[in-house]
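Build out the structure end to end from the sequences listed, making use of the hints.
Chains A and B are the protein sequences, given in the same order. No gaps in the numbering here: position 35 of the first sequence is 34 in numbering that gives the first Met the number 0, and each next residue is one more. No gaps in the numbering here: position 50 of the second sequence is 49 in numbering that gives the first Met the number 0, and each next residue is one more.
No lab work stands behind these hints: they were computed from the structure. Glycine included, each C-beta is placed from N, C-alpha and C at the ideal position. Please note that the accuracy of each hint is not assured.
[Said to hold, decoys possible] Not close to chain B: a few residues of chain A, all C-beta gaps over 12 Å, as computed:
id, residue
1, G7
2, W29
3, I234
4, F256
5, I266
6, S306
7, A327
[What the hints assert, rightly or not] Here are the simulated BS3-like pairs of lysine-lysine, each with C-alpha atoms no more than 30 Å apart in a straight line:
id, chain 1, residue 1, chain 2, residue 2
8, A, K126, B, K18
9, B, K7, A, K316
10, B, K7, A, K144
11, B, K18, A, K33
12, A, K144, B, K4
Now for the letters of each chain:
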Amino acid sequence: MDKEYITGSVATKAGEVPVVSTVLSRADKWGDLKAICAIRRMDYTVDPGLYAVGNPNEDSPVFASANYKLSFDALRREIDGIDAWTIVLDTNGINVWCAAGKGTFGTQEVVNRIERTNLKDVVSHRKIIVPQLGATGVAAHEVRKSSGFSVVFGPVRASDIPPYLKAGMVATREMRRVRFPLRDRARLIPGEILQGLKYLLPVMGLFVILAGLHRGGYSSQLTLRVGSRSAINLILVYLAGLALAPALLPWLPGRSFSFKGMVSGAIMFLVSLLAGLAGQSPFEIVAWALMFTSISSFCVMNLTGASTYTSLSGVKKEMSVAVPLQIAAAAVGLTLWIIARFV
Amino acid sequence: MSELKYLKGVTTLKLNEDKCTGCGMCEIVCPHAVFEITNGQAEITDRDACMECGACALNCEFGAIEVESGVGCAEAVIVGAVRGTDPTCDCCGEPEKPCC
Ligand code: SF4
Ligand code: SF4
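What follows is the structure, given as structure tokens:
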């Protein structure tokens with residue numbers, strides 16, 4: 000594959016080290032965009048190893064990164080103008096925080112990579128700056144014992160690295176905090192929407208086919224009329240869970256994601272009702288109310304993994320209440336919707 | 000914007016004050032500012048903000064912290080339940096973002 004981000008090499012005591020550009024090319028940006036949108040997320044990798052940024056020498060700082068290209072690109076873009084080394088760990092192409100949770104961005108890999116790159120011969124100091132979110136997998140004191148390098152946990156976000164270095168490698172409290180701002184929540188939306196299509200489209204197809212049913216048999220006119228209305232409703236549910244809810248997350252009431260999802264589903268149900276998409280029959284209206292709230296609740300519950308602050312204990316607790324309710328509401332809703340075809 | 004907070008009173012985080020030396024590592028690694036060091040002792044000042052990532056326990060070289068760490072991800076819990084394993088995540092994508 001293209002390695003156009005490599006612009007040359009520098010000679011060190013441990014041999015030639017490739018130099019990477021700090022300016023992202025169009026190909027880099029395009030690839031990053033596709034990765035955000037969940038297209039070819041896999042194999043979007045950088046070869047593990049040591050790279051030079053700018054014109055580093057044996058006193059320059061060493062930054063660790065994952066070999067997911069988006070992580071690596073974020074780092075090299077932000078340290079533009081700083082002479083540094085970056086040591087890319089083999090995380091199977093997964094970003095720092097996820098990989099740290101799995102242990103691939105971990106103590107052992109840091110120690111091994113320091114050895115395999117002969118980092119000891121490249122720099123005279125014994126310090127390696129690891130992104131703070133790597134701390135879930137990297138035990139600083141263990142790395143020090145095994146490799147002689149002390150791990151310094153840098154800021155959470157690569158964009159804070161320049162001020163962090165300027166302050167003498169001191170991170171402010173804010174640099175250590177993970178939040179979940181609108182910008183980050185919005186970035187999830189395209190990926191979630193594309194990934195969910197494989198569920199949405201077959202369900203839409205099913206509803207359109209069933210829409211033709213009525214007491215006297217099957218009517219293709221109904222397929223068209225009720226089917227299109229139902230398909231639009233399903234799209235609205237989908238947007239309630241995967242776009243409206245992430246955007247409005249802090250303003251939706253409740254702490255549990257399933258409850259927030261229920262509310263965003265209810266909001267979209269009102270839109271559908273007012274637009275006359277929920278039909279005339281009380282059976283069908285109740286059916287849609289149940290399906291909007293339960294499906295949206297389920298979708299939003301599944302956003303917990305993409306959020307930055309949910310605990311496993313909390314997720315298990317909310318699921319134990321929410322999942323039975325979601326299943327019951329969706330099943331009753333679907334049944335009522337089918338009944339509405341015949342009354 | 001009001002700060003996003005998850006469920007109250009669920010975290011499995013435990014601090015053993017007797018083992019704590021006040022080294023400050025937990026305060027550095029925690030992404031949710033759960034700890035504060037006062038008078039040479041770690042203190043849990045925002046327990047409900049804990050997402051059980053496990054960074055503090057892994058980096059406390061004195062073994063003063065215990066937490067049942069795991070991914071706070073409903074999909075992973077479902078996948079785990081289906082396969083009969085612990086919550087397993089095999090998704091992941093966003094940069095600097097938890098996955099699954
Ligand atoms: S890391 Fe452990 S020893 Fe250090 S301050 Fe925190 S609890 Fe205390
Ligand atoms: S488990 Fe993670 S979120 Fe909880 S206190 Fe420890 S470092 Fe902070």
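Each hint, compared with the structure:
no.: 1; hint: G7; verdict: holds, 26 Å
no.: 2; hint: W29; verdict: holds, 16 Å
no.: 3; hint: I234; verdict: holds, 22 Å
no.: 4; hint: F256; verdict: violated, 7 Å
no.: 5; hint: I266; verdict: holds, 18 Å
no.: 6; hint: S306; verdict: violated, 7 Å
no.: 7; hint: A327; verdict: holds, 17 Å
no.: 8; hint: K126(A) <-> K18(B); verdict: holds, 27 Å
no.: 9; hint: K7(B) <-> K316(A); verdict: holds, 11 Å
no.: 10; hint: K7(B) <-> K144(A); verdict: violated, 38 Å
no.: 11; hint: K18(B) <-> K33(A); verdict: violated, 48 Å
no.: 12; hint: K144(A) <-> K4(B); verdict: violated, 37 Å
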